[in-house]
Amino acid sequence: MPHQDVAALLKDSAARDTQSARDSENIARLVDRLDYLLNFDYVGATTDPDDPDVKRERERRKEAGFKPPPLPILAPVALRDPDVTAELAERARAEHQKYEVPPPRKVSLRELMARFDGRR
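Be aware that the sequence shown starts at -15, since it is given in the numbering used here, and climbs by one per residue.
Please note that the accuracy of each hint is not assured.
[As the list claims (entries may be wrong)] Derived DEER-like restraints, expressed as beta-carbon distance ranges:
#	residue 1	residue 2	range
1	F50	D(-4)	51 to 59 Å
2	R94	Y20	42 to 50 Å
3	R77	F100	23 to 31 Å
4	K46	R77	19 to 27 Å
5	I11	V38	47 to 55 Å
6	Y20	Q(-12)	44 to 52 Å
It should be emphasised that the hints constitute simulated quantities derived from the structure, not laboratory data.
Cβ coordinates follow ideal geometry from the N, Cα and C atoms, glycine included.
Based on the sequences and whatever the hints tell you, model everything.
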């Protein structure tokens, strides 16, 4: 290989490495989305909307004022650099916390009696 070709390859190596990193991240993001889609389809296909537990959970979320996020929150499942994975996982956790349904709280006897009497 002539020395001009080797010099051109060396000059271009940084650009190729950058492009390779972008391509790798784009593929990883596609894997994340495909994983989300697969899980979404599975849950939709295996969940019975008439199941009493499902109805109860739906009602609990409605009472708690739960609003789902406007866009899906994608967990990083693809193999990436550990630092990038940690950052993306932290972002996903922070987003999930914004939309978590608080656990049901215990109702005091006074509140229960007020509900029973209709004075709520």
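Now the hints, each set against the structure:
no.: 1; hint: F50 to D(-4): 51 to 59 Å; result: holds, 52 Å
no.: 2; hint: R94 to Y20: 42 to 50 Å; result: holds, 44 Å
no.: 3; hint: R77 to F100: 23 to 31 Å; result: violated, 40 Å
no.: 4; hint: K46 to R77: 19 to 27 Å; result: holds, 25 Å
no.: 5; hint: I11 to V38: 47 to 55 Å; result: violated, 35 Å
no.: 6; hint: Y20 to Q(-12): 44 to 52 Å; result: holds, 48 Å
Violated hints, listed in ascending order, are 3, 5; each of the other numbered hints is respected by the structure.
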